[in-house]
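Put together the whole structure using the sequences plus the hints.
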Amino acid sequence: MMFRSFFLAGFECATGHNRHGAWIDQVAATRHDVHVDEDYRRLREVGIFAAREAIRWPLVDRGGGRYDFSSVAPFVRAAQENGVEVIWDLFHYAYPDGLDLFSEEFPQRFADYCYATARYVAARTGPTCYFTPVNEPSYFAYAGREKPLFAPHREGRGWDLKVCLVRAATQGIDAIRAACSGARMVNVDPFCRVVTRPGQPEEEIVAAWEFNNRHVFQAWDMLCGRLLPELGGSREHLDGVGMNYVSRLPPAFSCASSRLRR
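Residue 65 in the numbering used here is what sits at position 65 of the sequence shown, and the numbering runs on without skipping anything.
By construction, these hints were calculated from the structure, which means they are not laboratory data.
C-beta: ideal position from N, C-alpha, C; glycine also.
Incorrect hints may have been included.
Unchecked claim - Across the chosen pairs, the derived CB separations fall in these ranges:
| id | residue 1 | residue 2 | range |
| --- | --- | --- | --- |
| 1 | S181 | F6 | 39 to 45 Å |
| 2 | A28 | N213 | 34 to 40 Å |
| 3 | R214 | A28 | 34 to 40 Å |
| 4 | I205 | V241 | 24 to 30 Å |
| 5 | P127 | R44 | 19 to 25 Å |
| 6 | E155 | A123 | 25 to 31 Å |
| 7 | V34 | I205 | 47 to 53 Å |
| 8 | T196 | R4 | 38 to 44 Å |
Structure below.
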């Protein structure tokens, strides 16, 4: 077994600017940052010894190579005191202000942040550390550049953003392993399926088939080097796979997703 318990906990940790441009921080909204010691104690009491937790990139990366881990320290301490292994989620939609995800700066800055964060975590935890470099690149590509639900609030370039996210993830993984040789990756994306209603046009049926058989796997295929090997992916980059099961999607998702292809 990979972790100390069969069941894992997960704390809602999305950050970023929503469709209205308002900043959201679910860690603060749920007050998990205030009650983390109690939350982890309750996990231990019910026999759960592993959890997925966020490190909020914009709170840590102060620019110019400066990092502030004061928002991370309470979570590391609580996990150690309660014997909980953590999968550290490094990029859950939000990124530092002024950073262009389509720029050459993005993958390098993300890799630098990953290296600094992995060093910080590895110095304070056990020899094996777990990381999710980029959370849900497929969904983020849809929500950030196919439908303007999150920053960067653009439409029609979902595929391009997915490629940029995976390029950053591969470089981030290399940086993590340079800082922590025992690091393991858990690459997370939604695992979902769309179904067309009876009588839909052939193009909708084809789009649903492409989504179900290609699009939901593209980020993983890139990470393992099966798709766009020039991004630097390999089987070692993919490592572990985390599937977020989505049982219901907005009606527009299947149609919009048909454009998330090369």
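Each hint tested on the structure:
1. Checking the proposed 39 to 45 Å range against S181 and F6 shows it is violated: the Cβ atoms sit about 27 Å from each other.
2. One distance hint, 34 to 40 Å for the beta-carbon pair A28 and N213, holds here, with the actual separation near 39 Å.
3. Distance hint check: the CB atoms of R214 and A28 are about 37 Å apart, consistent with the given range 34 to 40 Å.
4. Separation of I205 from V241 is about 28 Å and conforms to the stated range, judged on CB atoms against 24 to 30 Å.
5. At about 21 Å, the CB distance of P127 to R44 agrees with the hint of 19 to 25 Å.
6. For the hinted restraint 25 to 31 Å between E155 and A123, the CB-CB distance of approximately 43 Å leaves it violated.
7. Remark: the range hint 47 to 53 Å for V34 to I205 is upheld by a beta-carbon distance near 49 Å.
8. Look at T196 against R4: about 43 Å separates their beta carbons, and that is inside 38 to 44 Å.
Comparing the model with each earlier hint shows violations of hints 1 and 6; every other hint is respected.
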